[in-house]
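All chains, please: the whole structure from these sequences, using the hints.
Residue numbers (our numbering), protein chains in the order written: chain F, 195 to 458; chain H, 195 to 458.
Be aware that one or more of the hints could be misleading.
It does not matter which identical chain is used: a pair holds within one copy or between any two.
What the hints assert, rightly or not - In silico SDA-like pairs for lysine to any residue, Cα to Cα no more than 20 angstroms straight-line:
id, residue 1, residue 2
1, K363, L350
2, K363, S345
3, K414, Y434
4, K363, P342
5, K356, R367
6, K208, E394
7, K414, G404
8, K356, G319
9, K356, L371
10, K363, G343
11, K439, H245
12, K439, L392
13, K356, S366
14, K363, V351
Keep in mind the hints are simulated off the structure, nothing from the lab. All figures in this text were calculated on a predicted structure; none of them were measured in a lab.
There are 2 protein chains.
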Amino acid sequence: MDFRRKLQAVTGGKPGLCIGLDPVLERLPEHIREEATPFLVFNREIIEHTHDITSAYKPNIAFYEAAGVEGWSQLERTIREIPGECLVIVDAKRGDIGSTAVAYASALFDGLNSDAVTVSPYLGGDSIEPFLQRADKGAYILTLTTNPGGSDLQELVCDGEKLYRHVIKMVSRLNRLGNAGLVVGATKPDLWGDILELAEDLPLLIPGIGAQGGNIEALKTALRDYNAPALVNASRSIIYASQGKDFGRAAREAALRLRDQLQT
Amino acid sequence: MDFRRKLQAVTGGKPGLCIGLDPVLERLPEHIREEATPFLVFNREIIEHTHDITSAYKPNIAFYEAAGVEGWSQLERTIREIPGECLVIVDAKRGDIGSTAVAYASALFDGLNSDAVTVSPYLGGDSIEPFLQRADKGAYILTLTTNPGGSDLQELVCDGEKLYRHVIKMVSRLNRLGNAGLVVGATKPDLWGDILELAEDLPLLIPGIGAQGGNIEALKTALRDYNAPALVNASRSIIYASQGKDFGRAAREAALRLRDQLQT
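Encoded structure:
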């Protein structure tokens, strides 16, 4: 199925929930830490408790790479456990020259069997294109990020407009198959009007709600007249809602609260 | 040992050779492709034939990730085979928000036991800092890349100067421990004067010689009065110098030729 159709199927015209699967050993419930595959056991329980109320899962590959071969294996197995009705977005923020980007696209789409990935734009259009060559796979390009240093480059005024606007225009040009999207953080509501007007019809992946403090009501207001599918990601506020044995149920409750806030 | 001292030790005041270990299965000699660990067997022979004439090796992590768990394992084992007298630079081009960048730094420095990594600057200073917190480990920040799309963003004029200049200034500010460097492609010699003047004392990692066509003489001329250590990377022109059983010897010959061109 085309990536855009998949997105519409999982969101149904409203901002969809995306749960970040970003396990850190020290933050897992104590009884999980001693498992042979703690990330997998943890993720499995999160997925079991939330797959019917979320549109997508987004594992950030950094947390798995930190555990080496064993981590990569747990990432592969985690993705296999995600039911087909949810999208899998691998948060990799890759960006490399053409021949290498092809290797990354293969690793992330085929190797990990993801539906979409995140890509960094600094190397320009030909570093992004290899991620946009299959209509059934999508790529979200980093545009405006939630970290304090995000503005160091992203908000520089280049040839009369901020750098992130150049990124949006570049992504629009590359979006021949309708499978390109933008990563836009929820933490800068004053820039949303500018971004949405320029983005027109590009799907959005929105981090920054939850632990990072983005305002949900401001986000909903901004998105009200935006027609492309939007996924709103939360990680820590959901997966670490409890550090006890009830963490799965607590994650479900936190996810339900956020989903209801987003969709009502 | 401080990263800067390690660099001086492996380069000795002249541009040093760095060999890119970027294996692609279809390009390996036929007798290697059927091995259980083809990347490892291939790399081992390249390393055996070149470790005494190169300053550093630079595996690009994309090519290993493309082979999943098995690829990651071969990357770990390849790095363990690189003798201590050569630097290991993991070409990862990572860039993520603070907490995630910390996970990447751990994965690349501790997990893979590298001496240095490459980092992408789009997320700004606080995404780079986690890679610069240990004096014995270095980070090269992408500044000017060799791909045609590199100029899409990197050469935009932002607040009066090109974006790559903002990157250089940002890296200079972050370089408190003397372990930050720049990735600057050899394919745009007309920009070298501008870059070197601004970079002052930052170590350089220079791709674009060899298969990508950068001019060695122009590069040497530019570097003549530059005082910080420079590593010049070549991958395909060395590791694929022959596709026959003599590929190790052919790699050595190609590496020797390049090293002599660089250092005489």
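Original post:
Among all the numbered hints in the text so far, which are the ones the structure does not match?
Top reply: 3, 9 and 12
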